[in-house]
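> Protein sequences appear in the order of chains E and C.
Under the working numbering, the first residue of the first sequence is numbered 3, with each subsequent residue one higher.
Under the working numbering, the first residue of the second sequence is numbered 538, with each subsequent residue one higher.
Honestly, the hints are just simulated from the structure, not real lab data.
Fair warning: there could be bad hints in the mix.
[As the list claims (entries may be wrong)] Pairwise CB distance ranges, derived in the manner of DEER restraints:
(1) E:S86 / C:A635: 19 to 29 Å
(2) E:M29 / C:Y576: 13 to 23 Å
(3) C:L593 / E:R79: 39 to 49 Å
(4) C:S607 / E:Q24: 42 to 52 Å
Since this is a predicted model, take the numbers as computed values, not measurements.
Even for Gly, the Cβ is constructed at its ideal location relative to N, Cα and C.
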Amino acid sequence: NAGVTQTPKFQVLKTGQSMTLQCAQDMNHEYMSWYRQDPGMGLRLIHYSVGAGITDQGEVPNGYNVSRSTTEDFPLRLLSAAPSQTSVYFCASSRERADTQYFGPGTRLTVL
Amino acid sequence: AQSVAQPEDQVNVAEGNPLTVKCTYSVSGNPYLFWYVQYPNRGLQFLLKYITGDNLVKGSYGFEAEFNKSQTSFHLKKPSALVSDSALYFCAVRDISAGKSTFGDGTTLTVKP
Numbered sequence: 003n004a005g006v007t008q009t010p011k012f013q014v015l016k017t018g019q020s021m022t023l024q025c026a027q028d029m030n031h032e033y034m035s036w037y038r039q040d041p042g043m044g045l046r047l048i049h050y051s052v053g054a055g056i057t058d059q060g061e062v063p064n065g066y067n068v069s070r071s072t073t074e075d076f077p078l079r080l081l082s083a084a085p086s087q088t089s090v091y092f093c094a095s096s097r098e099r100a101d102t103q104y105f106g107p108g109t110r111l112t113v114l
Numbered sequence: 538a539q540s541v542a543q544p545e546d547q548v549n550v551a552e553g554n555p556l557t558v559k560c561t562y563s564v565s566g567n568p569y570l571f572w573y574v575q576y577p578n579r580g581l582q583f584l585l586k587y588i589t590g591d592n593l594v595k596g597s598y599g600f601e602a603e604f605n606k607s608q609t610s611f612h613l614k615k616p617s618a619l620v621s622d623s624a625l626y627f628c629a630v631r632d633i634s635a636g637k638s639t640f641g642d643g644t645t646l647t648v649k650p
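So here's chain E without its partners, still in its complex pose (with noise of 0.2 Å):
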């Protein structure tokens, strides 16, 4: 199994770009979600999602869309990225509801 994986790496966008972190897991989850990592700010969640057709907002949803057409694939849409945004983003999915979470690498995005 790969576990979580992510694409990019690392990513470079101007202010006002789109772009799709992608997120994919070979694991049948059915729980994923997408953090953002700031430093002294922890992990906070973006939006999260229970199952495939299903998406919720976590604690930092604006400027950034999701879907999850199917249980492997979680991406995660910047709309018009701004400077805020940099940060380092952290896709992680779970079994079940209780369950320990397994999180991707991370991909490093600088909004200019």
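Based on these hints, arrange chain C on the given structure of chain E.
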């Protein structure tokens, strides 16, 4: 709403000494608590979890955590620290009704030789 607090940004210990990384939580209902570790430029890795049962939970790499319901704490401990334990540690609480987690701000552990 649930929350997690890690009151120390940084913990420094000497190799061979015991270590404690503190975590307190606030939840309505039964707590589902986790510790994760992050090494530089890597994703988070699971260390241990408390769901129910024994208050002392044993995890990976010799770590353990003590659940204390009256103090709403879930401190991470290790009897003898290694230099390789130096990393960023996160405490998290899982809202199982919603299927989402809340993380603390993280504590940087530095173990000096």
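> Check each numbered hint against the structure and report the violated ones by number, ascending.
none
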